[in-house]
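Use these hints to put chain B onto chain A, whose structure you have.
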Amino acid sequence: MKEFDYIEIRVPAKPQFVSVIRLTVSGLASRIGFNYDDIEDLKIAASEAVTNVVHHAYKEEEEGEIVIGCALYDNKMEMMIADYGNSFNFEEIKSKIGPYHPEESIAGLREGGLGLYLMETLMDEVMINNDGGVTVFMTKYVTREQVEKNVERITT
Amino acid sequence: MDVTIHFKEIDHKLFGFVEGEIDTFTASGLRDELEAVKITEGLEIELDLSKVNYMDSTGLGIFVAFYKRALRENGKVKLVGLSNRLQRLFEITGLSDLMDIETDKKVELR
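Line order of the protein sequences matches chains A and B. Letter 154 of the first sequence, counting from 1, is numbered 154 in the UniProt record's numbering, and no numbers are missing. Letter 40 of the second sequence, counting from 1, is numbered 40 in the UniProt record's numbering, and no numbers are missing.
Isolated chain A (complex conformation):
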């Protein structure tokens, strides 16, 4: 069995679909046990990434598509947001993505203002690939109550 469930959504690169993605991400995140604040963080991070693609697509005056891939693990969620129309191979793209370099990503994404900064602050890991289309790859870990693990079972 695969170690994660993979969900992919494709929507036109139009602003009215940003909230749809946000709600979907929220639903998926609650499936694997993220708490309220973490779900809100994931919603903002996803919206920022999708908003960047929407703005980019509008500037180019072409009606592109956004592909959002979500991988659900036991303890984390990986999100990939790409601005090319074709479906992508999640694992292939993941293997190609390198560490994020501040200089190149700012040129590609900074017009969103604080968008990239928020993604990096709200997620545990953010990587950006500017090769061809822009691909944002983000990870957030589920934080569970640490207490539970350390509590010893008391037998009566």
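The hints are simulated quantities; they were obtained by calculation from the structure and are not laboratory data. Among the hints, a few may not be true.
What the hints assert, rightly or not - Subject to a maximum C-alpha distance of 35 Å in a straight line, what follows is the list of computed DSBU-like cross-link-like pairs (lysine-lysine): (1) B/K78 with B/K51; (2) A/K2 with B/K13; (3) B/K38 with B/K8; (4) A/K2 with A/K14; (5) B/K76 with B/K13; (6) B/K51 with A/K14; (7) A/K2 with B/K38; (8) A/K2 with B/K78; (9) B/K51 with B/K13; (10) B/K51 with A/K76.
Relative to the frame of chain A, chain B by itself:
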């Protein structure tokens, strides 16, 4: 999903009540409404964000723009009723140090 803003003028003070979700889709309406506000010298404006249940950098940008215009035109803007989530957004971006912001708690204490 949309965002609305209602204005009320009481004793030469302008109150704006924002309600809904602010993202890149709903932003333009809110931006237009705020841009239409006539700021006269010394005008105090209070924007109540207690009913804003979602906001991202798009919303931050709108309020920053409005705040800047008010400063330029010698008005005063205050954001009130921020939920913990919104408060956090203003804090991590450093905006809470630059803008006049009141959280929900402080409003309740008054």
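Notebook entry, point to check: Regarding the pair A/K2 and B/K78, is the alpha-carbon distance no greater than 35 Å?
Noted result: Violated - the C-alpha atoms of B/K78 and A/K2 are around 52 Å apart, more than 35 Å.
Check: Quick one, are A/K2 and A/K14 close enough, alpha carbons at most 35 Å?
Finding: 33 Å, holds
Note to self: Check whether the Cα positions of B/K38 and B/K8 lie no farther apart than 35 Å.
What the structure shows: Within the cut-off at roughly 13 Å; holds.
Notebook entry, point to check: Do the alpha carbons of A/K2 and B/K13 lie within 35 Å of each other, as the hint requires?
Noted result: Distance ~60 Å between A/K2 and B/K13 Cα, so the pair is violated.
Note to self: Hinted pair, alpha-carbon criterion (35 Å max): B/K78, B/K51. Please report holds or violated.
What the structure shows: 16 Å, holds
Margin query: Hint check: B/K51 vs A/K14, CA-CA at most 35 Å. Holds or violated?
Written below: 26 Å, holds
Next item on the list: Mind checking the alpha carbons of B/K51 and A/K76 for me, to see if they're no more than 35 Å apart?
Entry: At roughly 31 Å apart (the allowed maximum being 35 Å), A/K76 and B/K51 satisfy the hint.
Margin query: Check whether the Cα positions of B/K76 and B/K13 lie no farther apart than 35 Å.
Written below: The hint holds at about 10 Å.
Check: Between B/K51 and B/K13, is the straight-line Cα distance small enough, at 35 Å or below?
Finding: Holds, at about 20 Å.
Note to self: Does B/K38 sit within 35 Å of A/K2, going by the straight-line distance between their CA atoms?
What the structure shows: Measuring from Cα to Cα gives roughly 59 Å; hence the hint is violated.
Violated hints for the displayed structure, listed by number in ascending order: 2, 7 and 8.
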